[in-house]
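Trainee: These protein sequence lines are chains G and Y, in that order.
Per the numbering used here, the first sequence starts with residue 2, numbered consecutively.
Per the numbering used here, the second sequence starts with residue 22, numbered consecutively.
Treat the hints loosely; a few may be bogus.
Only pairs whose alpha carbons sit at most 27 angstroms apart, straight line, appear in this in silico DSSO-like list of lysine-lysine [as the list claims (entries may be wrong)]:
(1) Y:Lys182 - G:Lys139
(2) G:Lys186 - G:Lys524
(3) Y:Lys182 - G:Lys187
(4) Y:Lys182 - G:Lys524
Rather than coming from a laboratory, the hints here were simulated on the basis of the structure.
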Amino acid sequence: MALVEVEDLSFAYPGAAAPALKHVSLSLERGAFVLLCGRSGCGKTTLLRQLKTPLVPAGHIRGHVRYDGRTLSEVDLREQAARIGFVMQNPESQLVTDTVYHELAFGLESLGMPQQEIRLRVAEMASFFGIGEWFHKKVTELSGGQKQLLNLASVMALQPELLVLDEPTSQLDPIAASEFLAMVKKINTELGVTVLLTEHRLEEAMPLAEHVVVMDAGRVIAAGVPGEVGLALAAASHPLLAALPTPMRVALTVEGVGADDTIPEGDSIASKAGAKAFCTDGKIRETASNTPVTIREGRRWLARQLEGGRLKERDDVAGSSADGTVSHGEGFLANRAAALTNETGFLSDETAPLPGNTPPVVISARDLWFRYDRNGEDVLRGLSLEVRAGEFFCVVGGNGTGKSTALGILSGLLRPYRGKLRVAGIDPSRASRAALAELGLVALPQDQQTLFVHNTVLEDLAAAAPPGAAEDGRLARAIEQTETGHILSQHPYDISCGEQQRVALAMALLAEPRILLLDEPTKGMDAFYKRRFADILTRLREQGLTVVMVSHDVEFCAEHATRCALLFDGGIVAEGAPRPFFSHNSFYTTAANRMGRGLVEGAVTADDLIAALGGPVQLPPTGAATAGSMATTQDTATRDSVAQGRTRAGGSSC
Amino acid sequence: MSQENRPPGSFEALHPVPGFAFFGLVVLLTVLYMHPVMLGVSFCCAAAWALYLRRGRALRFILTLLLPVMLLAAVLNPAFNHRGVTILFYLFTGNPVTAESLYYGVAGALMIGAVLLWFYCYNLVMPSDKLLWLLGRAVPTLALVLSMALRLVPHYTAQAKRVAAARAGLGLGRTAASVVARAREGLSILSVVTTWALESAVGTADSMASRGFGTGRRTAYSTYHMTRRSWLALAFLVLAGAACVVFFATGAVSVAYFPRFELGGAPLAQAALCVIWCALCAFPLVLDLAEEVSWRSSRLRI
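All chains, please: the whole structure from these sequences, using the hints.
Mentor: Below, the structure written as structure tokens:
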């Protein structure tokens with residue numbers, strides 16, 4: 002018997018036009034690891050909350066949820082607390098008490114366990130999670146990743162048999178996120194706990210899952226092993242395809258499964274339950290099990306493709322300078338760049354020395370040293386960098402290497418104790434606010450919620466606008482540029498993460514920036530929003546904006562930056578155009594590069610690999626017009642799903 | 022000192038029960054009997070322990086804050102209190118200054134100084150979780166509320182700082198230096214933090230409910246163990262405290278400041294009381310010093 006059975010469940014928030022869940026059926030076997038994915042606002046959180054009575058939101062419910070054979074609402078609350086563990090998105094707000102050990106004990110205390118039992122369980126969990134070192138710390142001293150691990154540990158102290166995780170890593174950096182997911186996997190394999198996980202970071206989560214369920218607009222549109230689901234998504238050319246792990250995306254695109262049978266997008270595959278039927282076909286089932294999910298499988302798959310001569314046939318067209326597989330790839334990529342330049346006038350990033358005059362240097366930092374505390378450690382040790390006008394400069398690096406600090410210094414919020422910093426000729430830490438406004442130096446914080454003061458998006462934008470901006474159309478233009486028109490009347494806390502980031506960007510635009518500093522802007526955005534965000538930035542850069550961004554998101558930087566730098570030990574250790582930069586790194590690089598290493602040299606993005614194998618590639622946007630039109634078509638699609646899916650879901654704060 | 026770094030034999034490492042027993046006893050007995058020798062001993066022991074725990078910082082506290090307050094107390098009492106039979110001189114107001122009121126002033130100053138110093142030490146060695154432990158025994162929910170409050174203060178302050186920085190980065194606020202503009206900016210920050218706090222409280226409430234809060238009786242967990250050492254310490258403290266009380270209650274020792282300063286009781290009883298009181302007051306310092314000595318020698322063996 003399955004541990005959890007959801008049967009034909011529909012749910013509507015009070016007053017919402019459309020239900021948030023429509024006839025959802027789902028069953029969780031004991032010990033399973035199930036990944037629930039879908040774009041933000043598709044009803045994932047709403048579904049998860051149906052699995053624990055105290056968390057069920059108010060609204061109209063139809064259908065059944067059974068736990069261990071009993072209707073869930075009839076299971077005693079104490080029993081639910083112990084047997085169903087629930088970890089939510091926000092690491093900070095889930096913490097209840099002030100110390101780590103008290104937090105671990107909180108659930109056990111609530112269940113009235115005797116002192117000796119609590120002591121044992123807390124000790125067990127602390128050892129299992131490796132919390133020993135920070136057992137006595139205050140929770141405020143922990144990093145975000147540690148906080149979320151603590152939340153997981155304190156839920157696990159109750160020894161649940163089902164663990165439900167609602168986008169637990171959306172606020173963590175990639176390193177902390179993969180540590181967290183590895184811990185979830187360990188809990189599943191070593192303790193046999195059933196796991197139901199929602200994630201937008203499919204690159205990491207998909208390889209862990211045994212079973213994947215895809216939701217769209219409140220319905221389950223595909224379910225099965227990762228390969229099957231990938232095939233179903235590819236067959237429907239579903240937008241979520243862009244979020245799949247690189248190996249899957251490359252293989253599915255290149256092999257072109259279902260590209261010909263044109264299934265119209267959106268609801269239709271759900272209504273026909275096309276995905277299910279599709280996967281039961283024997284031949285396709287075989288293809289599904291061959292679809293690579295991990296980098297290792299991806300490399301094997303790629304090697305097979307290369308043996309099969311996929312690369313060669315394209316290379317013949319490209320030229321015959323090749324003398325081995327490795328340089329085949331290189332030859333191809335060079336040709337691809339050339340082809341792109343010829344066909345569309347798109348200038349590839351490698352062509353570093355631009356013809357004519359080089360743009361002026363707008364930010365120049367020389368030998369910056371900084372520490373937060375007089376007796377503390379240096380965070381920056383001799384940081385030097387130069388950014389030219391119109392660049393999209395990305396700084397990547399691990400945790401605690403000083404990325405955000407560097408940004409704080411560039412924006413003038415922090416002052417280095419040594420070194421020389423000039424932003425458009427002046428030192429931002431000594432300049433008055435008025436002078437900085439004149440310069441157009443604007444920084445966006447990592448947590449965009451810190452900017453929202455008012456009850457609607459429009460009020461917030463109006464408050465951020467300089468006097469007269471509403472009358473002369475600057476406000477309207479910022480709204481148009483960031484595509485925030487459809488959410489103006491909503492509360493800024495009620496819109497999705499990607500939308501919040503765009504509202505924050507609109508606020509920044511109203512300050513009329515010439516230099517924009519971004520701190521981890523893609524955190525919590527799904528793959529789809531990331532692309533639109535990049536499009537917006539591209540258009541703004543064409544109007545002369547310089548962008549400096551610090552990020553953990555190597556994929557995003559590789560695809561969209563004009564120059565990348567690696568920060569380590571308080572200084573920049575390497576920098577260059579994204580392609581040579583990331584193809585030179587072996588660990589701190591994109592999944593596509595790790596997959597193609599030694600096979601297709603120089604490939605940095607999934608599109609590179611797809612192109613190298615002769616698959617269909619989307620050309621990068623070449624100008625405002627293209628980008629604009631692309632964005633509008635996508636816009637209608639999202640707006641529909643947003644309108645249907647997430648009316649007051651409430652859980653998707655970032 | 023953080024919990025993990027305290028040496029295992031120090032006073033701080035004792036169970037909260039002997040900890041509270043000690044502070045309760047010394048403060049209570051110091052205030053209750055105002056025995057001049059006891060006051061002196063209490064003050065000296067408290068000062069010595071404070072200096073041991075905090076060195077220069079305690080010295081600065083004593084010199085710049087404590088001594089002026091004590092001096093003021095010692096001077097003010099004879100100026101306003103004219104009881105007593107031994108008149109030393111007359112003030113310009115015509116009121117007498119008596120030796121008794123001077124003694125009483127000095128005793129009062131010593132009492133204030135000693136109590137303040139004991140509280141100074143209390144703050145250093147009795148972290149909030151010890152208080153929580155005590156409350157948790159009695160009212161588990163109150164302990165939880167306190168623990169949550171202790172988390173929220175730094176939680177909110179940190180967020181307010183982030184909000185201020187974020188707004189400065191966008192060039193909001195701060196542009197106008199006028200008081201009104203700054204007050205308005207402060208209100209904006211407060212408003213952001215409030216909204217965020219409410220949102221965050223919803224998350225906390227969910228997290229509490231999902232971990233079984235409010236489903237029935239609660240227990241309180243603590244990391245403290247009542248070791249043999251703690252039991253012995255408690256026994257010693259209770260016996261010494263009881264002895265002091267017995268001396269005064271039976272009239273074996275008595276103190277009077279007015280109308281004439283008088284120390285009552287046999288010299289032997291006085292001496293015995295002093296020895297016991299010294300042992301009581303010096304107890305934590307002796308424990309810490311002994312621990313340091315043994316710690317140094319055992320560290321040589323690591």
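Trainee: Now tell me, hint by hint, if it's right for this structure.
Mentor: To see whether the hints hold, each was checked on the structure:
no., hint, verdict
1, Y:Lys182 - G:Lys139, "19 angstroms, holds"
2, G:Lys186 - G:Lys524, "22 angstroms, holds"
3, Y:Lys182 - G:Lys187, "37 angstroms, violated"
4, Y:Lys182 - G:Lys524, "21 angstroms, holds"
Checked against the numbered hints given earlier, this structure breaks only hint 3.
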